[in-house]
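Visitor: Below, each chain spelled out in residue letters.
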Amino acid sequence: MFFNFVDELRAAGIPASFKEHLVLLEALDKEVIEQTPEAFYYLSRATFVKDEGLLDRFDQVFNKVFKGLLTNYGQNPVDIPEDWLKAVAEKFLTPEEMAAIEKLGSWEEIMETLKQRLEEQQKRHEGGNKWVGTGGTSPYGNSGYNPEGVRIGGESKHKRALKVWEKREFQNLDNTRELGTRNIKIALRRLRRFAREGAAEELDLEGTIEGTARQGWLDIRMRAERKNAVKVLLFLDVGGSMDPFIKLVEELFSAATAEFKNLEFFYFHNCLYEGVWKDNKRRWSERTNTWDILHKYGHDYKVVFVGDAAMSPYEITHPGGSVEHFNEESGTVWMQRLAHVYPATVWINPVPEKQWSYSQSTKIIKELVGGNMYPLTLEGLDNAMRELTRKKH
Amino acid sequence: MARFEGTANYVATEDLKVAVNAAVLLRRPLLVKGEPGTGKTVLAHEIAKATGAPLIEWNVKSTTKAQQGLYEYDAVARLRDGQLGDERVHDISNYIKKGKLWEAFTSPQLPVLLIDEIDKADIEFPNDLLQELDRMSFDVYETRERIEAKERPIVVITSNNEKELPDAFLRRCFFHYIKFPDRETMQAIIDVHFPGIQKTLVSKAMDVFYEVRDVPGLKKKPSTSELLDWLKLLLNEDMPLDVLQSKDPSKAIPPLHGALLKNEQDVMLFERLAFMARRQN
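Respectively, the protein sequence lines represent chains A and B.
When we follow the working numbering, the leftmost residue of the first sequence carries the number 1, and every step to the right adds one.
When we follow the working numbering, the leftmost residue of the second sequence carries the number 394, and every step to the right adds one.
Bear in mind the hints are in silico, worked out from the structure with no lab data behind them.
Accuracy of the hints is not assured; some may be wrong.
Here are the simulated lysine-lysine pairs, BS3-like style, with alpha carbons at most 30 angstroms apart [said to hold, decoys possible]: (1) K30/A x K543/B; (2) K19/A x K613/B; (3) K597/B x K454/B; (4) K572/B x K613/B; (5) K612/B x K261/A; (6) K543/B x K185/A.
Example chain B residues on the side facing chain A (calculated, C-beta under 7 angstroms, incomplete) [as the list claims (entries may be wrong)]: (7) V411; (8) F568; (9) Y570.
Quick reminder that beta carbons are idealized off the backbone N, C-alpha and C, glycines included.
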């Protein structure tokens, strides 16, 4: 029973296993639910999905697998005419942006941008009822986003037209969504290396008991506290094209300072050159020589860059390419020097991954950090931290 | 055992009922997640009430170890008694303190065991409880006895998503995510908590509440429990209806906002919005 359901779930990246399948069958056998499609949907959801980030995917799979099997009482979700969508797009995109996208290419592209825009909107409106849903099969082709269900307006209007799983209420909980400080902290926690260092200030109970048993008198043993000993160098891009990401980067920064005891941070603009600074107000008067950093902090420091890597390629590849000053050596040279000293280096990019390939400079930077560029999403951070832990130094 | 249908003061949505009933009938742990204030912990209390079972609560903290849920062996007390020549020292079971799981396994009446905020503990904590929750039995090594549950207790686990839970642990649970209630469910929740309340007051208050939730840039959005607190305050203060009704933009801050906004930055945001509205007029 339902074998293809499990297969489809696994194909969609939901870690369903035989065990859960058996549980589902057992529950059906014990008549936990009344025999309605809704109850079956709820039961299978409670059995297979263990992460709210996957609920939306589950809804899609459920819809796909059981669509043919259920009558929909003659009420199909309504296709929205393309003109309406265009009108919506115009509402959220400036004419310049529309023109730029149209030049770039297709209607899909516009929809992609619209989707992002609406998602940003949603981030601020979180939990509100002005949301865009994507759902069902697409009348517009199969690439990525399905505009069939772009719905703007109240939830209740469509309630009867759509089944529970077709409503896809958990869409905004998907993993790839951008994140808050707390989520970032959890992702950063992957980068932990516990070690006992420093003064022996904590009672080592087990050692004391063992020592006492061996000696025959009370033998108090002390030990050092267990602390996260990982060391991090954080380089933050400021100004210009990074302005839209200030809030995200702020969150990342506050999470990082709370999470790592040994954290050093520096600012740079666009690309790393011979100088960085710690205080944006005094960025010209109080610079730190990049050589000093390379000499001062040991190989075991892990380096995290945060920047959009969006600039003219010359700013990286040519001496004198910097937009702010004359740099004697090119950004490439500095990036290579740094990568040589710190084998564990990652670049975190707040720009959505899909847009990276449009920018020449992003590709160059990605190459310079050995391909270790990650988007600033929960998943991206997670992968970045994994990469950093993988490298011993 | 009777099906869980919500109780006199807890409104359960259809999907929640299915998840609870599956967990109760199959005796597998139910893992509940959701925004703070949507009633995760209360759910366990209500399941206990509905099934007439005693509730055993285990509140997990960042320092909680899995072993503490089973039992603790007070080696230091025994050592001290040993040096003082106390008689109790010969019986090791004098120094074994029962944990919440032990209590739940040996409870004379089938209990509901609530493991609250499991994600607060160390990342390995859920893994350490795997066997015990699966088999509902564990060994006490000091006394060489095995504690076994006569009947598997109903286990409810809540998580605030601060840490990812291990896969193997999740496979053994049913999962439910309490999503933020829509207007209809919210209405039902309010009806349950304030039976005699004026309909117009509720409707106005809910307008204000959902508006507040929709304000962009709020650090902490108010949730169900805040709405209930706020309504209680409004009732206590006998707030006249027109205060809520007034569309006067200079009063953009809802009355008694302290119950809804828990963050001084959020209050400041509202004050700024009010100020801007005043200036526009």
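Visitor: For every hint, state whether the structure bears it out.
Guide: Outcome of the hint check:
Distance hint between K30/A and K543/B is fulfilled; the C-alpha atoms sit about 21 angstroms from each other, no more than 30 angstroms. Among the hinted pairs, K19/A with K613/B is inconsistent with the structure: their alpha-carbon atoms are about 38 angstroms apart, more than 30 angstroms. Note on K597/B and K454/B: the hinted pairing is violated, with a Cα-Cα distance of about 39 angstroms set against a maximum of 30 angstroms. Taken as a hint, the K572/B and K613/B pair is honoured in the structure, with Cα atoms around 16 angstroms apart against an allowance of 30 angstroms.
For the suggested pair K612/B and K261/A, the alpha carbons sit about 26 angstroms apart, so the restraint of at most 30 angstroms is met. Using a Cα cut-off of 30 angstroms, the hinted pair K543/B and K185/A is violated, with the two alpha carbons roughly 42 angstroms apart. Interface hint status for V411/B: upheld, as the beta-carbon distance to the closest one in chain A is roughly 4 angstroms, under 7 angstroms. Look at F568/B: its Cβ gets to within about 5 angstroms of chain A, closer than 7 angstroms, so that hint holds up.
For Y570/B, the shortest C-beta to C-beta distance to chain A is roughly 4 angstroms, which falls under 7 angstroms, so the interface hint holds.
Hints 2, 3 and 6, counting from the list given before, are not met by this structure.
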